[in-house]
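Undergrad: Spelled out, the chains give:
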Amino acid sequence: MASRFDGVDFYDVASLLSEDERAVQATVRQWVDEKLLPVINRHYVEGTFPKELIPEMAQLGFLGANLPEQYGCAGLGNVAYGLIMQELERGDSGIRSFASVQGGLVMYPIFAFGSEEQKRRWLPKLASGELIGCFGLTEPDFGSNPGGMITTARETGGGWVLNGAKMWITNGSMAGVAIIWAKTGAVDDARSIRGFIVPTDTPGFTAKDQKGKLSLRASDTSELVLQDVTVGKDALLPASQGLKSPLMCLTQARYGIAWGVVGAAMACYDEALRYGKQRVMFGRPIAGFQLQQQRLADMLTEITKAQLLVLQLGRMKDAGTMTPEQVSLAKRNNVDMACECAREARRLLGANGILVEYAAMRHLVNLESVYTYEGTHDMHTLILGEAVTGLSAFE
Amino acid sequence: MKIAVCIKRVPDTETRIRIAADGVSADEAGVKFILNPYDEFAVEEALQRKEKAGAGEVVVIALGPDAAQETMRTALAMGADRGVLLRADAIPADVLAVAKALAAELKDGGYDLVLFGKIAADDCAQAVGPMTAELLGLPCVTAVSKLELDGGKGVAHREIEGGVEVVEFALPAVLTADKGLNTPRYPALKGIMAAKKKPVEVKPVTFAAPRLRVAALEMPPARKEGRIVGEGPDAVPELVRLLREEAKVL
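Protein sequences appear in the order of chains A and B.
According to the numbering used here, the first sequence is numbered sequentially starting from 1.
According to the numbering used here, the second sequence is numbered sequentially starting from 1.
In isolation and in its complexed conformation, chain B is listed as follows:
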């Protein structure tokens, strides 16, 4: 079973983000970068599928700067066989451009399965997976929390509002992984040492003129300090008045 996992290097989700001087990007100084958390589920699923099949290959593919190789090595340390870095100085805001670059790489790869995380922790676009599937002409199931594969067919569970949707699809297919799909393994120390020797192919990519650009990046407004309007039952009329007239929630 040959599986591709498309991964992304994102700022650590606990990092405090600062906006850079250009006003349209995040300041990377002092920011720790990690493998996108949802991509960990995708990597783990690929490894388990390969282990179950007893044979195959897991290829991790990332688009980004050279520094993304360190992120890629996390996936290689977990057990992926090799990596492909589509090198770009910056990841375009136009996610279709990213999907096109990935689709071009995946097209002739002979993959049975292409996995993504369901969402990237930085831009939250949730678009690259489905767009790539469309460009490849493959079925796509997003936010998969349970997966069964049997021969050329698959059954995936998706957690939707108030229930579970069960979807059948034919392989090859593109899936995006949700929490609950599995428990990602720790990169073991031997795996970390082995990852240093695994091949990573670096291919420069270029993009057509962007159709989309980030115009501004703003921090959420600082929360105003709370106000205590009084104590006990006596405060209720004033509280109700404020909720109605000021907050306009009643």
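Just chain A, with the same shape it has in the complex:
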């Protein structure tokens, strides 16, 4: 067992944090060391989500932590929220994904687009972990192009009838409630997309676990099928309006990802550094060889840049000035950076690097999913391209 994680902070970023931000980070860091890391390898190998950790995660306030206290949440700022994601993903991307989805993709849309009655009804249960949620936007044939979705919601006398299928849904099988995005108008009318709060025990709603994953194995990924799912009028998120609404949710989740992956990269760097100092080859520690030092220097440099990037992003989010394009830049840069760190760490570890006892390869294969989900790396490239040129390459 590696000794306690002490953070990667070459530029004294801690001095840029407030006292309560540091305290939040310390709690999550300690929890990850003591509760998550001892069980993550077993869950990863067995392909199960560590459900037993949910009550304590909720009790400590990790779910929807940046939402207001009046709904049972911790009421933290966005930097503290980011630090939670960073520390959770230092443990495993699957656990961070769980928290990202619950907070950024389920609680946030209810908070942002829900009625006061909906907020009071759903948010406290989601914050306390009593209820798990999932977010249904992506469809089998509509990933990067969610506006093309074919799931429909038709208004009836008493409510709505939903039909369609959703794919790659994190928390899908264990969720008690799903935020489903569907077209209320013509199939080519992306402006008619609205959000619905759908209890998963509604007749016609089924979830099927996605088999055969080689990545994010400690995460529940499912396919949802909605066949004549009938819900009341109060299922509609009244303020949701068009594709822009789910994209606002994705901005929240991507913000958390940009922070989270820095944690995965830190875990890999920390492991590589410790290993390099201990592993002796040719009579001396391999960390003394120039090639390994370049690996470590590159990792440290990229992690430090990414740390400062998300910190400023968080300050802008708190100030209300953050743009979705700035989130795209951070998600794109940091996930790519984390993938590189994980790969180089795995290589520095030599043959041991392929074992589950070491974290690098688990992070490496997890991060391949993170690279693709929540807007692929390529899509974020095009979003930035459009932002600076004014010319869309995909629409």
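Please keep in mind that the hints were generated in silico from the structure rather than gathered at the bench.
Just so you know, not all the hints are guaranteed correct.
[Stated by the list, open to error] Once the Cα atoms are required to be at most 25 Å apart in a straight line, the calculated BS3-like pairs of lysine-lysine come out as: (1) K179/B x K35/A; (2) K179/B x K153/B; (3) K32/B x K35/A; (4) K190/B x K125/A; (5) K190/B x K51/A; (6) K224/B x K277/A; (7) K190/B x K119/A; (8) K51/A x K211/A; (9) K35/A x K153/B; (10) K32/B x K224/B; (11) K32/B x K153/B; (12) K277/A x K153/B; (13) K32/B x K305/A.
Assemble the complex: chain A is given as a structure, and chain B must be docked to it using the hints.
TA: Coordinates of chain B only, in the frame set by chain A:
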């Protein structure tokens, strides 16, 4: 039930300590400070006692620089109600001076129980708790690993060499907490936010002329590199000779 917990801000136990240029103190640059680990047991015990009683107050008291307020907030985030910082630029090496300052603060506080950690991770004096008890004229039980309270009486278990000592005492009393007493809770995020709003009273303290000063601080000598004297049974006579003549352990 009104409980005081006396806590200390100490360098993180995993920090590599460097001696400062003055040769008599630790260099604080880049050192992370934490709530003394044994004090966490004391804070947790106080919180559990209050929760069990269903009413009361847990007051954390620290002596140290302004920076000790961040440490104090860890205890407040765990659930303590308020804090008192006895502000001093430096903590005196003469632990009796610390005990006197704490006793003066505790004397008229009306506490049923005063808790300490059994030892501070930095100076390892194990003295402030018992000295404070003596100054207050209260019974003192050190290194408590199990505690039962019933009315005005308490029973404490102490792990001693090769066994357990069971001690009875009357309240109010001063106890120092050992590992095993409980499992300290994590400061929950809501608790961290709530701690920002909890009152911390800052009172400057002054000390009489010190009767004790640190004359020097030295790192333990670097361990010499090991020596391989040979392999297999052939090496045994040489090994025995060295253990007898050089190491003088046989």
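Undergrad: Next, verify each hint and record whether it holds.
TA: Hints, verified against the model:
1. A hinted pair counts as satisfied when its Cα atoms are at most 25 Å apart, and K179/B with K35/A qualifies at roughly 19 Å.
2. A threshold of 25 Å between alpha carbons decides the hint, and for K179/B with K153/B the separation of about 22 Å falls inside it, so the pair holds.
3. For the given pair, K32/B sits about 23 Å from K35/A by alpha-carbon distance, which is consistent with the 25 Å threshold.
4. Taking the CA atoms of K190/B and K125/A, the gap is about 16 Å. The hint holds against a cut of 25 Å.
5. The hinted pair formed by K190/B and K51/A meets the criterion: a straight-line CA distance of about 22 Å does not exceed 25 Å.
6. Between K224/B and K277/A the alpha-carbon distance is near 20 Å, which keeps this suggested pair within the 25 Å criterion.
7. Pair hint K190/B plus K119/A holds up; C-alpha atoms about 19 Å apart against a cutoff of 25 Å.
8. Among the hinted pairs, K51/A with K211/A is consistent with the structure: their alpha-carbon atoms are about 18 Å apart, no more than 25 Å.
9. With a C-alpha separation of about 37 Å, the suggested pairing of K35/A with K153/B is violated against the 25 Å cut-off.
10. Restraint check for K32/B and K224/B: not satisfied, since their Cα atoms lie roughly 29 Å apart, outside the 25 Å limit.
11. Using a Cα cut-off of 25 Å, the hinted pair K32/B and K153/B is violated, with the two alpha carbons roughly 39 Å apart.
12. A distance of roughly 55 Å separates the Cα atoms of K277/A and K153/B; the hinted pair therefore is violated under the 25 Å criterion.
13. At roughly 23 Å between alpha-carbon atoms, K32/B and K305/A fall within 25 Å of each other, so this suggested pair holds.
When each numbered hint is compared with the structure, violations occur for hints 9, 10, 11, 12.
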